[in-house]
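**Q** For reference, the chains in residue letters:
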Amino acid sequence: MSPVKTLSTAKRVLKQLRHDPRTLALLFIVPSVLITLLKYVFDGQPKVFDGMAPMLLGIFPMTMMFLITSIATLRERRSGTLDRLMTMPVSKLDFILGYALAFSLVAFLQATITCLVLIGLLGVTVLGGTVATIVGAVSSALLGTALGLFSSAFATSEFQAVQFMPAIIFPQLLVCGLFVARDQMAQPLQWFANIMPLTYSVDAMKQVTMYADWTSTHTQDLLIVLGFTVLALLLGAITIRRQVRA
Amino acid sequence: MSVSVKIKKLSVTLGGRVQALKNVSLELPVGKSIGFIGPSGAGKTTLVRSIVGRLKTADGAIHVFGQPAGSPALRSIVTYMTQELSVYADLTVKENLAYFATMAGQRRADAKANIADILRAVELTEKANTLVSNLSGGQKQRASLAVALIGSPQLMVLDEPTVGLDPVLRDKLWQLFNNLVKQGTTLIVSSHSMDEAERCDDLVLIRSGRVIAHGAPAQLLKSTGTKNVEQAFLKLVGGDE
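Protein chains in written order, with this note's numbering: chain A, 1 to 246; chain B, 1001 to 1241.
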């Protein structure tokens, strides 16, 4: 592994994004617009919005980064550039970490903007504070990035990559506790929720919403999300083949 | 003869169904331009991908400079230009070259001079800061070729490098290829164009996954009693069927 090559890959991915201002605008603006929209959907029930909005910060960055990363990585996997890179003195981890680093920076900016809109503009009170909210949103976005990198290995077209969103993200969304408390769901769904990373992203944001102090459950939730992120990155690196089967 | 690539009884079946290469054995010389010539679907790209180690082959053996194809030691001395464009369309030509130069392990100072030379060689200096997506087809092809010229490769494997280029530019690129060969680089060029064959020092004629002839152009013409490679190819194919 070479830090120079990892950083160079991250820089390259960011330059590619910089040349696509529309994508950047969508990335940074859409989550804030959705959160704002939701505030007015719950115009007559502000308490419902105040309770739900921070949890959505555990979901929006993840889903958007999942989508953008899976398509960007799929493009690379399907183009001749990966063929060329894999015949060069480049480690697979340089490649995957470069992508992860670049999208992590994007995720950080996206999550920070959304948090600032939520807390600063929409006036939602989060007991845990702005920093804890940003940490939670960024960890969720990183998870989306890692899952996107990994899942791109199983898509052979951009159509398929987009379909992974309802297949991989939506079931997690349904059981994560946003709509119905997990202990009120059927037992098999509770087991399923317990092994899904989004559950812990949303739980972490719940902790931020409910407690002014940093709780041990909050730390545990973030560590589990981090664990899933690292695992997905490693699996993503494994799915990149130096040699492809004939 | 020093051997750059040694292939022994290589057979490749793509997707478990299509036999792309059938029992190919070859010894390719060092410091020569070698043409893999044959029609589309003949197996040229499969052979090229096997040599650069991108394709996992089960039957047969390939050694490049004495090392199994795809060995880590070869990654710094073998460069590869894929048939499809292998540059980032949403980066400029210069950004592409700078990125691949870093990936090839070049230092920034060395890369800068090398990139300027390469841009001149492929006549893209004026387009250095243009996004690849905004280039014409031929310019994109040259940008892709430019990446393969980075560093000082001992073996360059170019899959259809001149397809879609006008004859004048093609001629200039062949002058560049010949200069590289004079400096000791071994060059493998795949092409379906018979007129390119005559520019090579050594020819491998391929059809339906089989090598139907291997030798210097003059030697092939002599053995087939023909006046050009196309006629030689047709005669060999006629004899093959």
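No lab work stands behind these hints, which were simulated from the structure alone.
We put the CB at the ideal spot given by N, CA and C, even for glycine.
Each hint should be verified, as a subset may be incorrect.
Stated by the list, open to error - 30 angstroms max Cα-Cα, derived DSSO-like pairs, lysine-lysine: (1) B:K1112 x A:K11; (2) B:K1056 x A:K92; (3) B:K1008 x B:K1235.
Said to hold, decoys possible - Which chain A residues face chain B? A few, computed with CB under 8 angstroms, are given here: (4) D20; (5) L24; (6) L189.
Claimed, not checked - What follows is a set of in silico ranges between Cβ atoms, one per label pair, in the way DEER data are often shown: (7) B:G1215 x A:P166: 41 to 47 angstroms; (8) B:G1015 x A:Q220: 45 to 51 angstroms; (9) B:A1073 x A:I29: 45 to 51 angstroms; (10) A:L235 x B:L1014: 52 to 58 angstroms.
**Q** Take the hints in turn and mark each one as holding or not.
**A** Hint by hint, here is what the structure shows:
no.: 1; hint: B:K1112 x A:K11; verdict: 17 angstroms, holds
no.: 2; hint: B:K1056 x A:K92; verdict: 17 angstroms, holds
no.: 3; hint: B:K1008 x B:K1235; verdict: 26 angstroms, holds
no.: 4; hint: D20; verdict: 6 angstroms, holds
no.: 5; hint: L24; verdict: 12 angstroms, violated
no.: 6; hint: L189; verdict: 39 angstroms, violated
no.: 7; hint: B:G1215 x A:P166: 41 to 47 angstroms; verdict: 58 angstroms, violated
no.: 8; hint: B:G1015 x A:Q220: 45 to 51 angstroms; verdict: 46 angstroms, holds
no.: 9; hint: B:A1073 x A:I29: 45 to 51 angstroms; verdict: 49 angstroms, holds
no.: 10; hint: A:L235 x B:L1014: 52 to 58 angstroms; verdict: 27 angstroms, violated
Violated hints, in rising order: 5, 6, 7, 10; the structure is consistent with all others.
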